[in-house]
Amino acid sequence: MRRKLQRIIVGILCALLFGQALASKKDNTLVIAWTRGLESLDQYFSTAREAIIISRVLFDTLIDKDPETGEFQPLLARSFKMLDDTSIEFVLRDDVYFHDGSKMTADDVVFTLNWVKQPENKVIHQQNVSWIDSVEKVGEYQVVVHTKYPNPTALDFLAGPLPIYPKNYYEKVGPTGMGIRPIGTGPYRLVDLSPGDTMVLERNPQYFSGGPKGTPQIERIIQRSIPEENTQIIELLNGKVDWIWKLTPDQAVRLGKRTSVTVIDAPTMRIGYLQFDVAGRSGPSPLQQIKVRKAIAHAINRQGIAKRLMGGSADAVHAFCHPIQFGCTDNVTKYEYNPAKAKELLAQAGYPEGLSVKLYSYENRRVVEAILADLAAVGIKAEPVMSSFELLRDKVSAGEVPFTYMAWGSNSISDVAAIVPHFFTGGTSDTVRDERVGAWVREAGGTIDKEKRKALYEKAFQAIADDVYMLPMYSFSINYAMSSELAFEPSTDEIPRFYKARWK
Amino acid sequence: MKYRVSTKPVGSDWGHGMLRYLMRKLGLGIGVLLCTSAIAFFLSFLVGDPASRLAGESASAQEIAQVREQYGFDQPLPTQYARWLANGLAGEFGDSLFLKIPVTKVIAQHLPVTLYLASASILFSLIFGLAMGAIAAIREGGAVDRLCLFLSLVAQATPVFWFALIIMALFSFGWPILPSSGADSWKSFVLPTLALGFNAMPAIIRLTRTSLIEVLKTDYIRTARAKGIPYRRVVLKHALTNALNPVVSVSVVQFGYMLTGSIVVEMIFALHGVGQLAWSSIERGDIPIIQAIILLFSLIYVLLGILSDIVAAWLDPKLRTASHV
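Heads up: the sequence lines are chains B and C, in that order. Take the first sequence: its letters are residues 1 to 504, numbered as in our numbering. Take the second sequence: its letters are residues 1001 to 1325, numbered as in our numbering.
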């Protein structure tokens, strides 16, 4: 008890004595702030987007994917090639060191991937690792990854959520140790962490040159958690924070007028969608009629909502995928904004006086209101039911809701395999249960040949749009605000590359 | 209301009555703790399956099921609660689902900030509340009194989050003399203290005022004044000390309110105290932390309540034997 009291007093004294944290070009320290606190830094055991972002800074993967061109580039590997449909060979760099000074070899790669793929080790996202059959060491700096089946997205996984860990360290400390004292090969290393509050990263002086992540320019990155958006803005304006994101469009416009701040409105891979219980798991509803769904598609001014409420770079989408994803297409039936046609379709479906439905959502209330207003204009009285994301997802999974407005970020993977299978292959989120679509999507998921895959997905997207199984609404955009001294390029996969930031 | 200070000597009657009174309070307190922890436990599940929150946005149904099983969320709720309670009685609150470190350690890390903020705020509202209440009472019905009452009305009606943002805009941005976030120095606590203390002040102003006004009308004050003791001394030494009694017991409870009510203030000023920990744990479904915080706060509340009752009972023996307390 006495020691606890002492600790509390020491804590208070420390709080009193420490000076203000520094930010800015002058100190070569980049201070970033976001809403949530970062907890575990072991990416295999965290689901927060922030953990993915920091993971890219602290760790490296075998390969890297350029978010704009979609090209895979070697990262920890020097080169890689497909040996056959189920094996990929990687020749590793021999000049890579972990933050504790040990050298990275094939043993670390083999250990990491073989460890995470074992179900008993219980990494949270099994879909990221369950396709790995085995990883084999074929030389001191050479490995072969064997997949269980021909997996066209294997490289996407290897370039994203599969960082390479140091074998000796991870065997010793496990996920708990890695979560608080991460050791990787990345461009920055962790020097201080107070969980949920602040994290201090320092440039890795040993970081190898010539890799796709480049050579880090900024000496120190401090991450702070500031839950309130207004506080973030004041800190940015006062120069105590250099970078914030996810501002509302009106805040972005206001901040954009200040010279000390640069505001960037950038597209993301996230799309909003209306999902209908076509299969009728929640009981009979008018939404099971194709004409009613078509009426809804014509009733909503998707482009208008995107531009007015989401941000300048948000855009209406027509196929159920993000346009930058591999396999996405524009060659589908498009439903233009046409309230008169919507009314006509409703009348044909037997609802000349309109109808009443409940729309379930967790998303942006203002957007939901706009959707409701557009629906009301054609005679569809939709009552909003708002809840948390998790609660709603569970309701969708249980087949309890007829009509939802939600969003999907594709786990930052720019391939339609990260979106369609989740909704159309008979899983709990499949509210349509169309065997044809399911078969095409499954076949595409096991096909390596790019053109064949594209053709299969296109058939699926056309069927989805023809029958309005889902109504894709628009792509999202994110507003970033930063010190005008900072040079930072956002990327569409919602993963800011802080290691590429520099001062102007 | 009578301010009858016990004239009986402290004897067996007092000791016996007090003990019985304390036992009853303690029993009630334990009942309160059990009820709140049970209600909180079931409520935590109402906002959505914690496994679903743990598994993240893009999790598949199988992944959620795996997490559910891994953390024992697939067991019936009463079983889970009983297990938690049994462990809790043994002093074992488990590990945070997210941080994977003991809950007690996480809370110990966050507690100093909240304690510091709550203590500063109660001090602030006591100093200003007492002063304003006393001045208002002395000038009962006058312009100063009206002003004080008006101020306390405004303070009570102002939402904490709004007031916090306004003072932040004024003193961190318009006239940047104080930091708007973090806990780097004592300066970081000035605005949060103001925001939290401002809201608790009205109760103290009004209580001090009404209680002092009544005391000033009592016979012994009249006697004191008749004896020729200067008015200032009468107020400060005789009246205020007696009028303070209810204020003290209310402030003890107010302190509990500060501790638990600091969530909004901690969020706005990015102070990483227990309030913010509670908020982020609720968001993430970190049930062991939510439960422990609720238990801790209820315990503090119960203890403060008992403390405040002891103070009141000490001052007014009638309360000790009253059946409703």
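Errors might be hidden in some of the hints.
Simulated pairs of lysine-lysine, DSSO-like, Cα-Cα distance not exceeding 27 Å [what the hints assert, rightly or not]: (1) K500/B <-> K452/B; (2) K1187/C <-> K25/B; (3) K1100/C <-> K122/B; (4) K148/B <-> K454/B; (5) K167/B <-> K1100/C; (6) K1100/C <-> K172/B; (7) K1217/C <-> K1227/C; (8) K137/B <-> K103/B; (9) K395/B <-> K452/B; (10) K459/B <-> K504/B; (11) K81/B <-> K454/B; (12) K26/B <-> K1217/C; (13) K1105/C <-> K172/B; (14) K137/B <-> K117/B; (15) K103/B <-> K117/B; (16) K291/B <-> K137/B; (17) K172/B <-> K117/B; (18) K291/B <-> K246/B; (19) K122/B <-> K1105/C; (20) K117/B <-> K1105/C; (21) K213/B <-> K103/B.
Just so you know, these hints were derived from the structure itself, not from any lab. Fair warning: this is a prediction, and the values are worked out from it, not measured in the lab.
- prompt: Of the hints stated earlier, which fail here?
  reply: 1, 9, 10, 12, 16, 18 and 20
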